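**Q** Residues per chain are reported as follows:
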Amino acid sequence: MADYPLTADKIKQEFKRAGIHFVVALPDRVTSHHLLKGLIADPDFKVVQVCKEDEGISICSGLYAAGHKSVFMMQYTGFLDSINAIRGVAVEGHFPVCMVVGLLGKEPDVAPTQSKKYGVKIIEPILDVMGIAHQLIERDADLPKIGQAIEKSFGGPAPSAILIGREPR
Amino acid sequence: MMKRDEMLKVFVRQRKDEIVVAVYMAAQEITHIQPNDLNYTFVGAMGQGSSHALGLALGRPDKKVVVFDGDGSLLMNLGSLVTIANQAPKNYIHCLCENGCYETNGSVPIPRVGELRFAELAKAAGYKKTYEISDLAEWERELPNILKQEGPVFVTLKVEAGETYPENFPRLYSVEHREKFRQALAKS
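Here the protein sequences line up with chains A and L, keeping their order. With positions in the first sequence counted from 1, the corresponding number in the numbering used here is that position plus 396. With positions in the second sequence counted from 1, the corresponding number in the numbering used here is that position plus 4.
Just so you know, these hints were derived from the structure itself, not from any lab. Quick caveat: nothing in here was measured; it's all calculated off a predicted structure.
Under the rule of at most 27 Å between Cα atoms (straight-line distance), these lysine-lysine pairs were calculated in the DSSO-like manner:
1. Lys94/L with Lys442/A
2. Lys442/A with Lys191/L
3. Lys465/A with Lys184/L
4. Lys67/L with Lys132/L
Construct the complete structure from the given sequences, taking the supplied hints into account.
**A** Here is the structure:
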């Protein structure tokens, strides 16, 4: 595992450093096995599993209104499915919903907009047109961007997206 | 069948320091009947009230959270019943204003109107206690028990439109009021 470029445990540490306790999640094939299961097993985190992604946008908003920081993990397909809640709640309501979005099927070290996978290719342009800041995480060297994105989101307050470009292990 | 505003007036007479999450027409009415900084109305997209309320309930387990949801709204977010039951917040009271229609969007009937038993859905999902109330006197009598009950609790309230209140949707979706709520809750 020493040469593998993205470490799940280090992502978890970044969440802890950023003051995240609540993780709202729907399983995403990119992050389920090594990251989400690790978060569920870690008593420092409270994982709230949802049945549909738009619920997660609103739960994170309620948590913010109650004074808590959270992140919301989902697959890019779930992001696409919950666009209206992201628009109506997170963007127009200025809620700091910090989305961790797995780009399932993205080719390693290929920019998302250059992916051959249509669903992956359209994610960053959609985020841009919605005015949502985004960061791509593909290697351990990218990990400081996680804390920066969370800080900026809650400082706004405004939604943001952390795009996970390969499976963390 | 209860007039919704009369049902809400009974509630506010017994309200102490509960957080109230209200959606659409119920929200419209409660902001007039009882203006209160702990009224949370910024649910943003249809069906999302129960999920905002869950975030609040998990974030503030010391406060009761009462959500006045709509039947059309809940149909758009039925999975939230399972999510809420799975988290089992003791401080969560889910009141469903069942009027049988999408009142905000032209009063078109909901699917399975009059046949669907929402309280049975909630019970099957795993809510600890459920009620079905269609009479104002019964609501007034049961409410103290409902507010004391360990959640999640689900209450179907059979309602119809009552008095008309001025529409002020910009107020319901005002970021400024949401921030006032946040500050009031932090002090509460």
